[in-house]
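In the order they appear, the protein sequences are chains A and B. Under my numbering, the first residue of the first sequence is numbered 1, with each subsequent residue one higher. Under my numbering, the first residue of the second sequence is numbered 1, with each subsequent residue one higher.
These are calculated hints, taken from the structure and not from any lab test. Please note: incorrect hints may appear among the correct ones.
[As the list claims (entries may be wrong)] Below, simulated EDC-like cross-link-like pairs (lysine to aspartate or glutamate); rule was C-alpha separation at most 20 Å, straight line:
1. B/46 with A/29
2. B/157 with A/104
3. A/85 with A/58
4. B/46 with A/32
5. B/81 with A/29
6. B/72 with A/32
7. A/159 with B/57
8. A/85 with A/104
9. A/165 with B/57
Keep in mind the model is a prediction, meaning the values are calculated, not measured.
This is what each chain is made of:
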Amino acid sequence: MQFEGTVFRYGRDVDTDVIIPARYLNTSDPAELARHCLEDLDATFVSRVRPGDIIVAEENFGCGSSREHAPVAIKAAGISCVIAKSFARIFYRNSINMGLPILECPEAVDAISDGDVVSVDADEGTITDETTGRVFHAQPFPPFIQEIINDGGLVARTKRVMAEKNA
Amino acid sequence: MPRSMTMAEKILADHAGLDEVVPGQLVECDLDGVLANDITAPIAIKTVHEIGAGVFDKDRIFLVPDHYSPNKDIKSAEQTKVTRDFAHENAITNYFEQGCMGIEHALLPEQGIVVPGDLVIGADSHTCTYGGIGAFSTGVGSTDAGVGMATGRAWFKVPETIRFVIDGELPAGACAKDVILYVIGMIGVDGALYCAMEFSGTTIENLSVEGRLTIANMAIEAGGKAGLFEVDETCRAYMDRRAKRPYREYHPDVDARYRQVIHIDAADIVPTVSWPHLPSNTHPVAESRGIVIDQAVIGSCTNGRIEDMRAAADVLRDRTVNPNVRCIVIPATQGVWLQCVHEGLMDVFVNAHCVVSTPTCGPCLGGYMGILAAGERCVSSTNRNFVGRMGDPTSEVYLASPAVAAASAVAGHIALPSDL
Numbered sequence: 001m002q003f004e005g006t007v008f009r010y011g012r013d014v015d016t017d018v019i020i021p022a023r024y025l026n027t028s029d030p031a032e033l034a035r036h037c038l039e040d041l042d043a044t045f046v047s048r049v050r051p052g053d054i055i056v057a058e059e060n061f062g063c064g065s066s067r068e069h070a071p072v073a074i075k076a077a078g079i080s081c082v083i084a085k086s087f088a089r090i091f092y093r094n095s096i097n098m099g100l101p102i103l104e105c106p107e108a109v110d111a112i113s114d115g116d117v118v119s120v121d122a123d124e125g126t127i128t129d130e131t132t133g134r135v136f137h138a139q140p141f142p143p144f145i146q147e148i149i150n151d152g153g154l155v156a157r158t159k160r161v162m163a164e165k166n167a
Numbered sequence: 001m002p003r004s005m006t007m008a009e010k011i012l013a014d015h016a017g018l019d020e021v022v023p024g025q026l027v028e029c030d031l032d033g034v035l036a037n038d039i040t041a042p043i044a045i046k047t048v049h050e051i052g053a054g055v056f057d058k059d060r061i062f063l064v065p066d067h068y069s070p071n072k073d074i075k076s077a078e079q080t081k082v083t084r085d086f087a088h089e090n091a092i093t094n095y096f097e098q099g100c101m102g103i104e105h106a107l108l109p110e111q112g113i114v115v116p117g118d119l120v121i122g123a124d125s126h127t128c129t130y131g132g133i134g135a136f137s138t139g140v141g142s143t144d145a146g147v148g149m150a151t152g153r154a155w156f157k158v159p160e161t162i163r164f165v166i167d168g169e170l171p172a173g174a175c176a177k178d179v180i181l182y183v184i185g186m187i188g189v190d191g192a193l194y195c196a197m198e199f200s201g202t203t204i205e206n207l208s209v210e211g212r213l214t215i216a217n218m219a220i221e222a223g224g225k226a227g228l229f230e231v232d233e234t235c236r237a238y239m240d241r242r243a244k245r246p247y248r249e250y251h252p253d254v255d256a257r258y259r260q261v262i263h264i265d266a267a268d269i270v271p272t273v274s275w276p277h278l279p280s281n282t283h284p285v286a287e288s289r290g291i292v293i294d295q296a297v298i299g300s301c302t303n304g305r306i307e308d309m310r311a312a313a314d315v316l317r318d319r320t321v322n323p324n325v326r327c328i329v330i331p332a333t334q335g336v337w338l339q340c341v342h343e344g345l346m347d348v349f350v351n352a353h354c355v356v357s358t359p360t361c362g363p364c365l366g367g368y369m370g371i372l373a374a375g376e377r378c379v380s381s382t383n384r385n386f387v388g389r390m391g392d393p394t395s396e397v398y399l400a401s402p403a404v405a406a407a408s409a410v411a412g413h414i415a416l417p418s419d420l
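In isolation and in its complexed conformation, chain A is listed as follows (with noise of 0.2 Å):
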């Protein structure tokens, strides 16, 4: 999978109550969610972003609420992957299993700067900054993940499991 979009830079502990506020959760609509994706965090998040899009932050990326709703929210936005220097654990969970990339890569989010435009390889684990000209290596997935992610999610790798079984 590769992808390249302009970045929305930001900081430490982005929760997932800024990511999708609880106060949109009575639906689970991705379209509806996604209209109000980190509009506490950043207003003009939603009428800037553009398909393809990503996002890089500091450490602990998605801590809080265990609520599927806020990747779901980042992926319906348009958002194509999402770099930190570390995942909160249950978003890293939530967003293997429902199919958004996500990768650790502490050197990048130091040297990528907001608005730069940022190509990425996520079967490679490679980033790389068009912008400055850098290129930088994410940490590989276990080998045990990387299996989730390439049946296409848990829900994919569940129904393939149990097929074998029954075989």
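Start from chain A and add chain B according to the hints.
Same frame as chain A, now just chain B:
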């Protein structure tokens, strides 16, 4: 002989059918239970339908509509309806209708539905609460929960464990909530990221099960995967009249390997407030007195148990809430509610001019039942104080114990009970 292991390692090894596991290992485990609420269940149910194999065990799926119920609007009503219909279609035994329900993490231990030694996942981040009774329980998203409901299994990365040894007597006015706020203030909101937390020491041994559940509940606010307490006589006495199933105790080996062992002197733990906008932004109550408040909330999965209601009532008895403050009291379960009636606590709350609500998560997550206007401040016995958590993005939440929330409601500003 298997290697020496922590509590988390032992529970995960047993549920993976292995003699031993090591931190970092990825294991697939059998689950004792899978939880979801009215916000997270609809997406989990969609996952169950996509897999198309029904549910793994109708007795081991716990569905608790607590976040937006009693239904706050039409959309919420539709979400609880999806949950209810699924429960009925699959003859789910542990579905809790409004009127029989409680806030999920208060309800399941109280009813003995989760028992010590269990491995439970829940589509709610505060699922880590059951570590208070020696279960490994952790929050997941709806897809994980849905796959768990369909298969009875989930994958885990075996976490490293940080052990907290807390010894001595807590100073006057400090309680379990202050212990966990102190710990989060010390290690930060990602201080235990990807780790299990194990709590031990004489201070912990002297805590009630309710207090242990409060501490385990907020392990997630330090990034923790679980917050674990050993089963002892106090826990056995609590469980033995509730447990719906036989249970198993897991004790850490004395030479188990920890990422870190942190010793804390209980004498250092004073009544604490987490200022906006992170639970780690802790300050002594004594240095927070100038902060004027508009609302106080006493309740939630963190602090809505009978012990919390008693602590609040002890402060509010023969006093009234400051006329500039709304004080909202939410007993966490129908059982706690009834106990408040029997003990005369309802008289105390109503006479003190508190609002007393049916069990709901409502205000804690800014859902309903106490939303803040722009610039308003709330002292709350809940667990998060993120931007916009309880309402307008410019409102502020200060986290504290039930006694401090009650005292602040009377004073009109952040206060200790001893200030009144």
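Hints versus structure:
1. B/46 with A/29: holds (12 Å)
2. B/157 with A/104: holds (17 Å)
3. A/85 with A/58: holds (5 Å)
4. B/46 with A/32: Status holds; Cα separation ~18 Å.
5. B/81 with A/29: Given pair residue 81 of chain B, residue 29 of chain A holds - Cα atoms ~16 Å apart, limit 20 Å.
6. B/72 with A/32: Given that 20 Å is the threshold and the Cα spacing comes to 18 Å, the pair holds.
7. A/159 with B/57: holds (18 Å)
8. A/85 with A/104: Holds, at about 5 Å.
9. A/165 with B/57: holds (19 Å)
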